[in-house]
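Chains A and B supply the protein sequences, listed in that same order. According to my numbering, the first sequence is numbered sequentially starting from 17. According to my numbering, the second sequence is numbered sequentially starting from 17.
Derived by calculation from the structure, the hints in this document are not laboratory data. Only a predicted model underlies this, so the values are computations on that prediction, with no experimental measurement involved. There could be a bad hint or two in this list.
Since the list can't tell identical chains apart, any single copy or any two copies may satisfy a pair.
[Said to hold, decoys possible] Think about it this way: if two alpha-carbon atoms lie no more than 30 Å apart in a straight line, the pair counts; the simulated BS3-like pairs of lysine-lysine are:
no. : residue 1 : residue 2
1   : K178      : K157
2   : K18       : K181
3   : K292      : K181
4   : K178      : K155
5   : K178      : K292
6   : K183      : K18
7   : K41       : K178
For reference, the chains in residue letters:
There are 2 protein chains.
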Amino acid sequence: MKRIVILGSTGSIGVNALRVVDNLKNEFAPIALSCFRNAELLAQQTLTYHPQFVNMIDSEKIPLLRDKLIGTKTTILEGKEGLCRIASMEEVDLVFNSIMGSAGFPPTLAAIKKGKRIALANKETLVSYGTIIMSAAKKYKSEIIPVDSEHSAIFQCINGRKNQKIKRILLMASGGPFRNRDDILNVTIEETIRHPVWAMGKKISVDSATMMNKALEIIEAHYLFDIPPKKINVVIHPECIIHSAVEFEDNSIIAQLSTPDMTLPIQYALTYPERKQSITKNLDLTQISNLTFEPVNHLQFPAVSLAMRALEKGGTTTAVLNSSNECLVDAFLNNQIAFHTITKVITEIIDKHTAVENPSILEIQNAELWAQSEAQQYIVYAKK
Amino acid sequence: MKRIVILGSTGSIGVNALRVVDNLKNEFAPIALSCFRNAELLAQQTLTYHPQFVNMIDSEKIPLLRDKLIGTKTTILEGKEGLCRIASMEEVDLVFNSIMGSAGFPPTLAAIKKGKRIALANKETLVSYGTIIMSAAKKYKSEIIPVDSEHSAIFQCINGRKNQKIKRILLMASGGPFRNRDDILNVTIEETIRHPVWAMGKKISVDSATMMNKALEIIEAHYLFDIPPKKINVVIHPECIIHSAVEFEDNSIIAQLSTPDMTLPIQYALTYPERKQSITKNLDLTQISNLTFEPVNHLQFPAVSLAMRALEKGGTTTAVLNSSNECLVDAFLNNQIAFHTITKVITEIIDKHTAVENPSILEIQNAELWAQSEAQQYIVYAKK
Chain A
17 MKRIVILGST
27 GSIGVNALRV
37 VDNLKNEFAP
47 IALSCFRNAE
57 LLAQQTLTYH
67 PQFVNMIDSE
77 KIPLLRDKLI
87 GTKTTILEGK
97 EGLCRIASME
107 EVDLVFNSIM
117 GSAGFPPTLA
127 AIKKGKRIAL
137 ANKETLVSYG
147 TIIMSAAKKY
157 KSEIIPVDSE
167 HSAIFQCING
177 RKNQKIKRIL
187 LMASGGPFRN
197 RDDILNVTIE
207 ETIRHPVWAM
217 GKKISVDSAT
227 MMNKALEIIE
237 AHYLFDIPPK
247 KINVVIHPEC
257 IIHSAVEFED
267 NSIIAQLSTP
277 DMTLPIQYAL
287 TYPERKQSIT
297 KNLDLTQISN
307 LTFEPVNHLQ
317 FPAVSLAMRA
327 LEKGGTTTAV
337 LNSSNECLVD
347 AFLNNQIAFH
357 TITKVITEII
367 DKHTAVENPS
377 ILEIQNAELW
387 AQSEAQQYIV
397 YAKK
Chain B
17 MKRIVILGST
27 GSIGVNALRV
37 VDNLKNEFAP
47 IALSCFRNAE
57 LLAQQTLTYH
67 PQFVNMIDSE
77 KIPLLRDKLI
87 GTKTTILEGK
97 EGLCRIASME
107 EVDLVFNSIM
117 GSAGFPPTLA
127 AIKKGKRIAL
137 ANKETLVSYG
147 TIIMSAAKKY
157 KSEIIPVDSE
167 HSAIFQCING
177 RKNQKIKRIL
187 LMASGGPFRN
197 RDDILNVTIE
207 ETIRHPVWAM
217 GKKISVDSAT
227 MMNKALEIIE
237 AHYLFDIPPK
247 KINVVIHPEC
257 IIHSAVEFED
267 NSIIAQLSTP
277 DMTLPIQYAL
287 TYPERKQSIT
297 KNLDLTQISN
307 LTFEPVNHLQ
317 FPAVSLAMRA
327 LEKGGTTTAV
337 LNSSNECLVD
347 AFLNNQIAFH
357 TITKVITEII
367 DKHTAVENPS
377 ILEIQNAELW
387 AQSEAQQYIV
397 YAKK
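All chains, please: the whole structure from these sequences, using the hints.
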């Protein structure tokens with residue numbers, strides 16, 4: 017029985033992680049859960065899984081959680097400190113991190129410093145703190161297993177091929193809801209969060225529509241697999257059946273396919289290097305009948321080139337990309353700015369940014385704050 | 017520098033193997049070559065690669081070969097004995113066997129008994145002598161690396177996944193030239209040997225048209241990967257880009273893709289477990305744009321079910337399938353029988369056959385002779 021901590025257990029990835037745990041009966045015991053502020057669902061999960069600890073960031077909701085957990089043996093922790101504490105507990109075998117945004121970084125680093133295996137669904141951690149995370153993981157011999165379907169695919173394709181040189185990564189992209197739309201100037205919030213294939217949270221749906229999700233994934237892949245950006249090719253594949261692929265030195269391509277269902281990469285991150293029966297429906301290619309591929313329309317979706325530009329500029333630039341995106345997506349979802357301005361403003365902020373090479377955590381945090389204030393200035397200006 | 021023997025060096029696979037050797041400059045030295053009777057090409061190859069030995073089966077052509085090789089240091093050997101001798105030479109690192117038909121078995125076994133690594137393009141050896149070959153390979157710790165594009169794909173997909181249980185093999189098939197043809201009663205030899213994707217020899221082209229090649233490949237996969245026939249699914253994929261795939265226990269599918277070019281699996285069989293730059297053109301999925309998949313039409317192409325039936329019946333039955341097919345294809349190419357009768361007659365012969373379980377080499381050879389005589393009877397009857 018492996019002891020697992022699930023950070024962000026009330027989000028869509030966290031909830032699916034618990035479904036996978038249910039499927040792998042008697043193999044994983046969730047000994048700690050955490051969320052931002054969904055006290056109701058966290059309480060419900062606690063009554064089901066009886067973790068030793070739960071952690072909530074939003075202190076206002078703590079009394080409600082306390083109330084709902086009266087009579088249980090679960091200890092309630094609070095804030096960032098509690099989060100880092102449960103991520104680095106001695107008895108934990110695997111930390112599953114599905115926190116959204118930069119908040120996922122401190123517990124990831126805490127877990128790495130204890131040499132834990134980490135199933136990482138929090139892509140922002142790698143995007144902003146990639147160099148710190150990967151060098152710490154190396155130093156503390158902590159294994160980072162990707163949960164994202166694309167990175168899990170790449171991880172599965174590379175697996176067992178240490179002496180085979182990688183020529184290119186084919187990072188697949190659905191193309192999002194506006195792939196075939198000529199004009200994205202006046203798209204609405206509702207159109208934006210209606211993703212054609214994956215059921216996802218709002219922030220990620222907007223990222224999918226701008227293709228900023230691919231930008232973040234390019235950066236993530238760069239750090240995770242130590243691949244230079246020019247070896248990462250984005251391929252539009254609307255059916256989302258091939259989740260990504262790796263081209264090796266001899267021009268042989270190894271690809272990973274499945275029905276689009278997050279429970280598969282989640283489970284693989286838990287069971288790796290083994291596989292177990294899953295709740296993911298099996299794929300019948302003769303039913304699918306047709307897989308299509310297109311190049312990226314870089315004019316309509318500048319996000320992909322933006323990732324390359326951010327990686328070239330290096331240092332704190334990827335953190336700036338991520339932070340300004342978080343702000344601007346929030347503003348779009350609050351009806352403060354138009355959809356097409358998200359990537360436009362990020363481009364401007366990246367161009368304006370003075371990158372700090374090999375940054376410290378503090379320097380990255382400062383760059384994030386700077387990016388946020390730059391984005392805010394634009395948002396305030398746009399409202400006028 | 018690895019020393020390699022190429023059996024069947026004048027056939028299309030053999031010629032491509034030498035192109036691959038050319039590409040992998042200074043990595044492989046062909047120290048022996050062999051062919052059936054193409055003395056001209058064998059002489060030419062000898063003058064290029066300066067092997068220590070060449071072997072030819074057809075003794076009538078030996079004087080011609082001797083004539084052309086006057087003044088060279090290459091020793092000329094003859095017949096099956098010479099073939100087995102060069103396949104089992106002490107100094108050989110890898111035996112590349114691209115002989116066509118059952119004639120490929122004796123040198124394969126000879127190489128296995130010396131614990132050689134064998135790149136096996138001779139599928140008939142496995143189809144007829146599968147149990148003997150695989151148990152001998154285990155006993156003598158000889159590695160068998162498949163060269164067939166489909167089996168190479170499966171081999172590449174399985175590689176490095178020892179503790180991952182295989183659920184299904186997806187054996188891809190182009191569907192051959194008659195995939196979309198309603199009536200195959202009156203197809204001509206010319207139509208039959210015009211393969212839509214792969215440039216191949218005549219015998220293999222006919223096998224592709226009847227889909228007997230897939231029948232042979234199912235049997236080959238069964239022995240090579242120790243997979244029960246019911247776990248092998250044939251999928252029609254006319255573009256021949258995904259060369260085959262493996263579905264694991266969690267419903268994740270790992271697939272191998274490339275431009276359709278035999279030099280890729282040939283090279284992988286030579287360089288495994290490494291990869292090297294190849295002469296295979298790289299694959300641009302956005303240029304391909306579309307991959308399609310269909311189920312097999314078992315009514316039109318009974319060969320696939322025939323393989324399953326032969327494996328169920330077991331023992332000598334797969335040898336009977338192979339041998340009767342060899343005879344009947346030959347008869348078709350000699351205008352003696354109609355195309356659609358090939359699988360029909362094989363079905364009848366298989367049904368009539370009394371299988372010998374765990375057969376000896378002699379019992380397999382007897383079964384082959386019996387199948388040939390049964391096929392001949394039909395051919396003679398058809399001529400009348």
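*Using 30 Å as the alpha carbon limit, work out where K178 and K157 are close: within a copy, between copies, both or neither.*
both (17 Å within a copy, 23 Å between copies)
*Up to 30 Å between alpha-carbons, please classify K178 paired with K292: within, between, both or neither.*
both (24 Å within a copy, 14 Å between copies)
*Is the C-alpha distance from K292 to K181 at most 30 Å within one copy, between copies, in both cases, or in neither?*
Classified as both: same-chain Cα gap 29 Å, cross-chain 8 Å, threshold 30 Å.
*asked:* Please sort K18 with K181 into within, between, both or neither, judging by C-alpha distance up to 30 Å.
replied: Answer is between; shortest inter-copy Cα gap is 21 Å, intra-copy 34 Å.
*How would you classify K178 and K155 at a CA-CA limit of 30 Å: within, between, both, or neither?*
Both, since 20 Å and 28 Å are each at most 30 Å.
*Using 30 Å as the alpha-carbon threshold, which applies to K183 and K18: within, between, both, or neither?*
Between copies only: 25 Å across, 36 Å inside.
*For the identical chains here, do K41 and K178 meet the 30 Å Cα criterion within one copy, between copies, both, or neither?*
The answer is between: 23 Å across copies meets 30 Å, while 32 Å in one copy does not.
Going down the numbered hints, you'll see the structure goes against none, and every one checks out.
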